[in-house]
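Protein chains: 2
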Amino acid sequence: MNLQDYSAQMLPAIESELQQFVDRLGQDRANGFHEMLTYHMGWTGEGAGREAQGKRIRPLLMLLTTAACGKNWKPALPAAASIELIHNFSLVHDDIQDHSDLRRGRPTVWKKWNMPQAINVGDMLFILAQMAILGLQEHFPAEIVLKVDGIIQKACMELSCGQYLDISYESQNNLALEDYWPMVSGKTAALLSACPWVGALLGGADETQQEAWQNFGHSLGLAFQVQDDYLGIWGDSALTGKSTESDLVAGKKSLPVLFGMEKRGAFAKRWSEGPIQPEEVSFLAEQLTEEGAKLYTQQAADQMTELALQNLRMAAPKGKAGEALYELAHELLKRQA
Amino acid sequence: MNLQDYSAQMLPAIESELQQFVDRLGQDRANGFHEMLTYHMGWTGEGAGREAQGKRIRPLLMLLTTAACGKNWKPALPAAASIELIHNFSLVHDDIQDHSDLRRGRPTVWKKWNMPQAINVGDMLFILAQMAILGLQEHFPAEIVLKVDGIIQKACMELSCGQYLDISYESQNNLALEDYWPMVSGKTAALLSACPWVGALLGGADETQQEAWQNFGHSLGLAFQVQDDYLGIWGDSALTGKSTESDLVAGKKSLPVLFGMEKRGAFAKRWSEGPIQPEEVSFLAEQLTEEGAKLYTQQAADQMTELALQNLRMAAPKGKAGEALYELAHELLKRQA
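As they're listed, the protein sequences go chains A and B. Following our numbering, the numbering of the first sequence begins with -8 at its first residue and continues without gaps. Following our numbering, the numbering of the second sequence begins with -8 at its first residue and continues without gaps.
FYI, nobody ran anything at the bench for these hints, they're computed from the structure. Bear in mind the structure is a predicted one, so any value in this text is a computation, not a measurement. There may be inaccurate statements among the hints.
No copy is singled out in the list; a pair is fine if it fits within one copy or between any two copies.
[As the list claims (entries may be wrong)] DSS-like cross-link-like pairs, simulated, lysine-lysine; straight-line CA separation at most 27 Å:
id: 1; residue 1: K309; residue 2: K138
id: 2; residue 1: K243; residue 2: K103
id: 3; residue 1: K145; residue 2: K65
id: 4; residue 1: K102; residue 2: K243
id: 5; residue 1: K46; residue 2: K62
id: 6; residue 1: K145; residue 2: K46
id: 7; residue 1: K138; residue 2: K65
id: 8; residue 1: K46; residue 2: K65
id: 9; residue 1: K102; residue 2: K46
id: 10; residue 1: K62; residue 2: K145
Throw the hints in and build the complete structure from the sequences for me.
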């Protein structure tokens, strides 16, 4: 069993678990509502399929952790579904907040229907995520279910605080490098940290082990985000592909941009003058490189990656599932585009 | 102890419980976020105070039920806070969805800040509501906490389905009278039904009694909504006050309007031709009366009120708290404006 074998078993089980909760909606009067949810989840509508569903990284990470603690991963499925539903709730609202037209190559929910319905679709995904937590009762004692609930709510609070910072940063031009970490700790790391934490709890790990797993998820999330920020400026699709995919055009306050702003050099000057145009992208990326942002970001990504792998070793995953977890971490952190 | 005495004890306790959960947010980096939440809750900002906080009907209803089951209401406070936070989450999102500028006489959150932050404020209120449920663990066994959780999530699902219908109805002109009940069952009755249900569960009521309490809340919610719909057209502030407060101008598909649409008479003709202007309000209200909508709505309100009181008798509330509950129900259902 390697990562591919585990994925082949787990992904269909995750999909069917998710579907079960979304189908709680009933299909008489709320027919159209159900359709909005299944569309967003990538199961129905134009372009439905694997590509539209996303990678389901979070539930996979959780279930592999339970398996790497030496336990059967199947009873943990409702928790895995809950985390994925929360991730998707945040995507639906994020797309409205960012005014994004496309998600995984398809029109976003607010674009396809309208903004009021899309807010409500996000809300319902979050409500179904709460329902999913309760689904753990079939296999776990009530005290454990409440512990999982507490971990997930804490992650959601951090997620929402990160979202607040992200939206606030858009209109702030006096940000420092140190403003970066609390924002991404919330927006990316909180939910990713909850995955192995809950997975370990449901895998019977003790509190010390749970902490190691939690740290692994947190540093994995940060490493992933810094890597994403790097690729958003120097990745193939940002530079040589459609330069509209560059974070510079999107105006994203990513780590390299915050580094450049703090330097107060030529990049900062141009950045402060207003939106970056696609034709400026390669010049400004070069500018950032010269000012040291590329090296800094690469080093931060390397450090976080090293920390994540170190935390994974501390968590001491067992057996083939443990090896698959190393594989998953490497796959997430070695993306090239 | 009458309703006023109970309110004098319970309302400050509810407020301080709510505050405790909102303060979980911390106040370092998320300072501005905390301010948005306390503003909406009516504690800070211009116009803060009792008026801005709303009536806290839902938590009051829950706590009175626990007391009317012969138990101490104080341990039930986290559940009461949870329901009120959910109500407020739905208000914040509703105001965005309806594009409403004012809530309880003050600028709405999206109007005062912006739409992206307001979506996130609603999300955070909902997350805090989940946290609040977990707060019950201090006084109740885990199994009971999960039961409360299940009741509240079910109510939220219905609330969100009702919201879906409400938004959908806006663009539908072939609605029938029967489309009304599923919408208001979700939008108004679901959460109101959860209040006495949870209150009774935490008051140690058995399942049969819980069902009676749940039915009381449900019919109270429907009666309240039908009454609200009546006042929205024939109430003092709709007719003789600012006629912009009329549901006719707002284009709301309320019970009298659906009645009129189904009649396909003069009212339906005018309604189908586009937005109603303030100067048409008294004429169209009269038209609806002539077509039988006023009598029909009044009868529906009376029937639902009778049912609610009957269900309350079935639930057999005890002692002074029981009397206060009758008082509360009468107060809710006998509003004149």
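Consistency of the hints with the structure:
1. Taking the shortest Cα distances, K309 and K138 sit within 27 Å of each other inside one copy (23 Å), while across copies they are farther apart (36 Å).
2. Both within a single protomer and between protomers do K243 and K103 lie at most 27 Å apart by alpha-carbon distance, with minima of 25 Å and 24 Å respectively.
3. For a Cα distance limit of 27 Å, the shortest separation of K145 from K65 qualifies both inside one copy, at 24 Å, and across copies, at 25 Å.
4. In this assembly of identical chains, K102 and K243 lie within 27 Å of each other by CA distance both inside one copy and across copies; the values are 21 Å within and 24 Å between.
5. In this homomeric assembly, K46 and K62 come within 27 Å of each other (Cα to Cα) only inside a single copy, at 23 Å, whereas the closest approach across copies is 50 Å.
6. With identical chains, the CA atoms of K145 and K46 are at most 27 Å apart within one copy only, with a shortest distance of 24 Å there and 29 Å across copies.
7. Proximity of K138 to K65 under the C-alpha cut-off of 27 Å is found in both arrangements, the shortest distances being 19 Å within a copy and 24 Å between copies.
8. In this homomeric assembly, K46 and K65 come within 27 Å of each other (Cα to Cα) only inside a single copy, at 19 Å, whereas the closest approach across copies is 46 Å.
9. Taking the shortest Cα distances, K102 and K46 sit within 27 Å of each other inside one copy (22 Å), while across copies they are farther apart (37 Å).
10. Proximity of K62 to K145 under the C-alpha cut-off of 27 Å is restricted to the intra-copy arrangement: shortest distance 25 Å within a copy versus 31 Å between copies.
Comparing the model with each numbered hint stated earlier shows that all of them hold.
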